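Produce the entire structure from the sequences given, and follow the hints as far as they go.
Going down the list, the sequences are from chains L and D.
Mapping to numbering that gives the first Met the number 0: the first sequence position 211 is 210, numbers consecutive.
Mapping to numbering that gives the first Met the number 0: the second sequence position 62 is 61, numbers consecutive.
Be aware that a few hints might be false.
All copies of an identical chain are treated as equivalent in the list; a pair is satisfied when it fits inside any one copy or across any two copies.
Said to hold, decoys possible - Straight-line alpha carbon distances no greater than 25 Å define the calculated BS3-like cross-link-like pairs of lysine-lysine that follow:
#1 274 with 191
#2 74 with 19
#3 73 with 198
#4 258 with 141
#5 258 with 292
#6 204 with 292
#7 141 with 63
For the record, the hints were derived by calculation from the structure and aren't laboratory data.
This structure is a prediction, so every number in the text was calculated from the model and none was measured.
2 protein chains.
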Amino acid sequence: MSLLIVGTVAFDAIETPYGKTDKIIGGAATYIGLSASNLLEKSHLVSVVGEDFPRETIDLLQSKGIDVEGLQIKKGEKTFFWSGKYHRDMNTRDTMETQLNVLETFDPIVPDSFKDAEFLMLGNLMPAVQQKVLSQMNRRPKLVVLDTMNFWMDHFLDDLMEALKSVDVLTINDEEARQLSGEYALVTAARKILNMGPKYLIIKKGEHGAMLFDRDRIFFAPAFPLADVIDPTGAGDTFAGGFISYLVNGGDLSFDGMKRALIHATAMASFCVEKFGIEKLLEITPAELEERKLALAELTRV
Amino acid sequence: MSLLIVGTVAFDAIETPYGKTDKIIGGAATYIGLSASNLLEKSHLVSVVGEDFPRETIDLLQSKGIDVEGLQIKKGEKTFFWSGKYHRDMNTRDTMETQLNVLETFDPIVPDSFKDAEFLMLGNLMPAVQQKVLSQMNRRPKLVVLDTMNFWMDHFLDDLMEALKSVDVLTINDEEARQLSGEYALVTAARKILNMGPKYLIIKKGEHGAMLFDRDRIFFAPAFPLADVIDPTGAGDTFAGGFISYLVNGGDLSFDGMKRALIHATAMASFCVEKFGIEKLLEITPAELEERKLALAELTRV
Chain L
0 MSLLIVGTVA FDAIETPYGK TDKIIGGAAT YIGLSASNLL EKSHLVSVVG
50 EDFPRETIDL LQSKGIDVEG LQIKKGEKTF FWSGKYHRDM NTRDTMETQL
100 NVLETFDPIV PDSFKDAEFL MLGNLMPAVQ QKVLSQMNRR PKLVVLDTMN
150 FWMDHFLDDL MEALKSVDVL TINDEEARQL SGEYALVTAA RKILNMGPKY
200 LIIKKGEHGA MLFDRDRIFF APAFPLADVI DPTGAGDTFA GGFISYLVNG
250 GDLSFDGMKR ALIHATAMAS FCVEKFGIEK LLEITPAELE ERKLALAELT
300 RV
Chain D
0 MSLLIVGTVA FDAIETPYGK TDKIIGGAAT YIGLSASNLL EKSHLVSVVG
50 EDFPRETIDL LQSKGIDVEG LQIKKGEKTF FWSGKYHRDM NTRDTMETQL
100 NVLETFDPIV PDSFKDAEFL MLGNLMPAVQ QKVLSQMNRR PKLVVLDTMN
150 FWMDHFLDDL MEALKSVDVL TINDEEARQL SGEYALVTAA RKILNMGPKY
200 LIIKKGEHGA MLFDRDRIFF APAFPLADVI DPTGAGDTFA GGFISYLVNG
250 GDLSFDGMKR ALIHATAMAS FCVEKFGIEK LLEITPAELE ERKLALAELT
300 RV
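In structure tokens form, the structure reads like this:
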């Protein structure tokens, strides 16, 4: 089983009520890859950075089993940079600065050795780029998961709608589900979105948990109740990486398999927000992960 | 096992995106009592109305096993009236008008025959009035549940803090838990609130479910995902009535017993919001209730 991950590799500068960082390593694909590395020995990355991106970080990704053959390093250019500030409720944030840099002209090239990947994680990125990656595969992967956000709905809705036709699982948050469907009630929103292409829809509700829908069923996974959320950046990507890596690892792509993947994804996301940036993702022990998943199961056990 | 319910019996005028009502029957104790009547043959009410309150409604309550000996009917006075308008998200509402009327001078009198009640539900009301009811009991009930709201925290915090010392279970919503504790994270908020007196805390999160806390444990009950929420009025009271009636009925006051009560409460609240006012509470069939509770259990079953 092989996993191909597409998404940004970036610099972030983050401010939360708990503190402020300088430029630290971020990006959807970074979080997805590091999240997946907690279950998988190997995954493959397609992304782009500038010449300013630290070699040590690329080495770090490789040491976590993330194959970087598909990571383009653009000479004389700068890495994508995002800076944001979270408010007290940690559910809302202001983007302070976005420098697209290398992303502006990103033309993803899937190395030949990745083109047979059975699992494809299309991390949050321009829908046309996500689509372009899918079109380069030798055959359609067994499972394609697409993560996106309101920005693409605002500015590239047609491309996004086109991409949605080809995916198995879509992950978005509750506000995005409302925006995409034009429906307030999530049950109704899900029904409409499932008519746009995806066979499964995951609605991420942050501290309120996550919901998995197919045409007939709904599953709900509560979030782990944390006393302190230090930095929510990357939680959704970590969630997506946890979700798909669990499916790669277990191979059960049924609704029941996806339920278990959702619990794993929830646990991973709960770790992510406990420290700034990717820090916590590098140090989760298997025992800690197991303990958290048990605690999550216990939370709803009657 | 006997249940005493204290709270308002009122007129409401409600506007939601689904429509608008004239004066209809409302009030915390009304919803609590009707919710409880779905499990209990008998309960006892302490409340007050004006001369304008319809005799048929009092008859209706009686027909549902709600003993109205403790319902004061004030000659020449008017019933408490509240009018509110809900926004699209149904989680926020504006109070358009409040006429306290008979509530202004409400002096609760617990009939002798109710003074040995083993379960006491102190519905949302002035904390001093809630306290006054408790003090009239012949002995401390086996279980005292108190529901309250931000209004009392804003204006009668000392009285509320005093009342909290004597209760077993406090039910409030997430914003109120944050206000009462001064803590944003619900886990931390719960810890602080449990130090104020209650042995158990229930945090109601509307469409995001409900959480039960004691000092060591957390249980989470998701809300039933409804396609249409027609009118959220009384959902919290219906929840409280469902919760306590389940405990009266089952008698298991352990944490595990309360978990099951929370599921029942969640199911009852989900019915309440399906129609305007108390309408749906009058027509729930046992089969429908059973079906909804099964669906709720299924929602988190892995």
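Structure-based check of all given hints:
1. For the homomeric pair residue 274 and residue 191, the shortest alpha-carbon distance between copies (24 Å) is at most 25 Å, but the shortest distance inside one copy (36 Å) is not.
2. In this assembly of identical chains, residue 74 and residue 19 lie within 25 Å of each other by CA distance neither inside one copy nor across copies; the values are 30 Å within and 64 Å between.
3. For a Cα distance limit of 25 Å, the shortest separation of residue 73 from residue 198 qualifies neither inside one copy, at 37 Å, nor across copies, at 60 Å.
4. With identical chains, the CA atoms of residue 258 and residue 141 are at most 25 Å apart within one copy only, with a shortest distance of 18 Å there and 40 Å across copies.
5. Taking the closest pair of Cα atoms, residue 258 and residue 292 come within 25 Å of each other both inside a single copy (12 Å) and across two copies (20 Å).
6. Taking identical chains as interchangeable, the C-alpha atoms of residue 204 and residue 292 lie at most 25 Å apart whether they share a chain (18 Å) or sit on different chains (23 Å).
7. In this homomeric assembly, residue 141 and residue 63 come within 25 Å of each other (Cα to Cα) only inside a single copy, at 24 Å, whereas the closest approach across copies is 57 Å.
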